[in-house]
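As given, the protein sequences belong to chains A and B, one line each in that order. At position 194 of the first sequence the residue is numbered 194 (full-length UniProt numbering), and the sequence of numbers has no breaks. At position 145 of the second sequence the residue is numbered 145 (full-length UniProt numbering), and the sequence of numbers has no breaks.
Hints listed in this document are in silico derivations from the structure and should not be mistaken for laboratory results. Cβ atoms here follow ideal geometry from the backbone N, Cα and C, with glycine treated the same way. Where hints are given, some of them may not hold.
[What the hints assert, rightly or not] Some residues of chain B that are not near chain A, with every Cβ distance over 12 Å (derived):
{"no.": "1", "residue": "I34"}
{"no.": "2", "residue": "P38"}
{"no.": "3", "residue": "M39"}
{"no.": "4", "residue": "L46"}
{"no.": "5", "residue": "R55"}
{"no.": "6", "residue": "S64"}
{"no.": "7", "residue": "R66"}
{"no.": "8", "residue": "N97"}
{"no.": "9", "residue": "I105"}
{"no.": "10", "residue": "E117"}
{"no.": "11", "residue": "S121"}
{"no.": "12", "residue": "Q130"}
{"no.": "13", "residue": "F141"}
{"no.": "14", "residue": "L150"}
{"no.": "15", "residue": "G181"}
{"no.": "16", "residue": "S210"}
[Unchecked claim] A few chain B residues that face chain A, going by a derived Cβ cut-off under 7 Å, partial list only:
{"no.": "17", "residue": "A56"}
{"no.": "18", "residue": "Y94"}
{"no.": "19", "residue": "G179"}
{"no.": "20", "residue": "S192"}
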Amino acid sequence: MKKSNVVKFAPQFAALALLGCVSVHAMADQLADIKQKGELVCGVLGTDEPFSFIKDQSSREIVGYEVDLCNDVAKSIGVKPVLKQLAVAARIPELQQGRVDLLAASLTHNHEREALIDFSLSTFITGQKVMVKKSSGVNQLTSLAGKKVLTVKGSSMEQNTKKALPTAEIVSFDNSPQAFLALQQGKGIGYVNDETSLLDNYSKLGAAAKDYTILPQSISTEHLAFGLKKGEPAFHDQINKVLHNLEVSGEADKLFMKWFGPSTNMHFQQRTFKIATDKID
Amino acid sequence: MYNFNLSVLLSGQYHDWLVAGLLLSIKLALLTLIFSLPMALLIAVLRLSPVSIFRAAAIAYVESIRNVPLLAHMLFWYFGAPEILPEPVKAWLYERNVEAASSVIALVLYTSAYMAEDIRSGIRSIPKEQMEAGRALGFGFLDTMRLVILPQSLRLTIPPLISQMLNLWKNTSIAMVIGVGEMMYQAQQVESASFRSYEAFSFATAAYLSISLLITLLSSWYQQRYPVRSA
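So that you can see chain B by itself, here it is in the shape it has in the complex:
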């Protein structure tokens, strides 16, 4: 019978490792969110742009990113991409926390491709006559977007974006393959140091679950507080 020892989780060295992992996971998720939102917005607008080259570039981006597993993105941005940098830049970068930086880049690119699609569908839900009306009144494409379309569509887009946040939160765990000391990495460290597998992974599970539930709660609160107005 396995002797589940809760005290390992509540104090001491292993507790510290696990908490450090949790904090780093949260940091990764927040940083990724901050960078991927504007990036996703840009890509969504490009996909609807009247200029065909912009549309093509945005479609190529979304399809190439979404159709490759996140694990491959991580390994590419850690082992592959930095190698083309010039030697002094590489040396400067590698002395710092290149692991976390690579994982944030991979997560931002990956998450923004999904978010861009959500934002685009939000924009498309606004009748195209509004765009035509705006243009007829003398606004340019970008001004019509900024002043007429986006304020309405972003409200529609928030719930699916929150659900992308949920995915993003769980996706941070993939960063462990490139040696980022996030939640799963630390749980594995505790396991190999103490053989306390159940305790370590219980902590990780509880941490992922509680943050995920918080995000879900946020989503339902938002939908109640700001219901979608019919056009």
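Here chain A stands alone, though its shape is the one from the complex:
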């Protein structure tokens, strides 16, 4: 019975094997292949505002920071951008199997993933930062040495703060509202949290916000980048060239402000990174 099954499906196996050969052949140069297809398939999440999300429920159109970047890459190659929505866990497998050309899916660049795929220049760099009172006169991380720094228990922030500020005295609270209150009361000089939480806290300060500032340097950083298949130098160069040109022309800054700026829900006042590196710590 088993044997006859194999025999029965032999033609299908042969066809599959052949298909595999064909696709491997076609993938030899992904950039040429994309040009031939006439479309660039970008894998996006579609659920992560403002990177890629559905803004208008009636049109179901996916928009966002990474979508705009993907459109720019497609334009530079002269093809039509096609968005494919992916689940978080499916991102790398879909890319490896060639069902998408490019991952523009809130993808964190880390060392574990470098073994699996290639990364473009970092398109977004965020991190854990420090909020201080302006009156403290602290304007860089090093001035916090030996000072009291407030943060939240059981978080990676505690560990990262210890690493970045080994001489600071760290006082941890059960939750971030308590740590933030302690900063407001002056019980510590700095308050460490991830950037988006800090900005959220900052926006809730109201009129008092003018007395506070977030230090530009990060305690620890997280890089988001485009993911692409390994061993595609031409395509890789093309993407990095587009990103580099966006940075040089000032277009990257405009895009950032469009999706993250003060008029958005993200409330970023300014961009603290440049699209310039594909190196991570």
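Please arrange chain B on chain A, whose structure you already have, making use of the hints.
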């Protein structure tokens, strides 16, 4: 199967954190004890004072402190009370270890309310005729207390006070909510840094248990060595 790794506790960075936490817990308990004993004595005497305003004040103190959870006391003395201080005093205080200071204040106030009740019941166990006799002989209220009542009653009061010490020792763990680096705080730090939860909390449990047992032993030793004399 969880792999229990004892070596984490015996040496290295995590060991140092845990020992630092234990030492700070002991310090908190001792400091609190030193301040709360005289405070408790004062309140107990006030509660038995012939002056009604003093009695009322002492009753108000004991009831308001005992009927609010220690956690609320901690948060109040850290986040609430210091805010009414003038700005320069606040700045001076906040640069120092305001966390530990607030926790000691909360613990002293809380513990002394309980201890005051124990001391008062000890005093009340001395027949009131002794007070009357003392007063009849020409001693004032305070002198009769000091020379006649307290020497007898304190002997009765020591065992319940030791048991309050036991409570105090365990109560120091609440200080972790205001960022005091005592035993429980450090155990949690070790847990979040190393994911060695079982080891960290085993250490804390063993530390609390052994000190508590020491206090219990002290209590039974005292009761054997200084049995209560019948009046």
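Status of each hint after checking the structure:
1. I34: 25 Å, holds
2. P38: Its Cβ never comes within 12 Å of chain A, the nearest being 29 Å, so this holds.
3. M39: 26 Å, holds
4. L46: Holds: least Cβ distance 34 Å, greater than 12 Å.
5. R55: At about 37 Å from chain A, R55 of chain B clears the 12 Å cut-off, so the statement holds.
6. S64: 24 Å, holds
7. R66: Answer for R66 of chain B: holds, closest chain A Cβ roughly 25 Å.
8. N97: 9 Å, violated
9. I105: 15 Å, holds
10. E117: At about 31 Å from chain A, E117 of chain B clears the 12 Å cut-off, so the statement holds.
11. S121: 37 Å, holds
12. Q130: Q130 of chain B is indeed farther than 12 Å from all Cβ atoms of chain A, at 51 Å.
13. F141: 44 Å, holds
14. L150: 41 Å, holds
15. G181: 8 Å, violated
16. S210: Holds: least Cβ distance 26 Å, greater than 12 Å.
17. A56: 34 Å, violated
18. Y94: For Y94 of chain B, the interface hint holds, since the closest Cβ of chain A sits about 5 Å away, which is under 7 Å.
19. G179: G179 of chain B check passes; min Cβ-Cβ to chain A is 4 Å, inside 7 Å.
20. S192: 4 Å, holds
Violated hints, in rising order: 8, 15, 17; the structure is consistent with all others.
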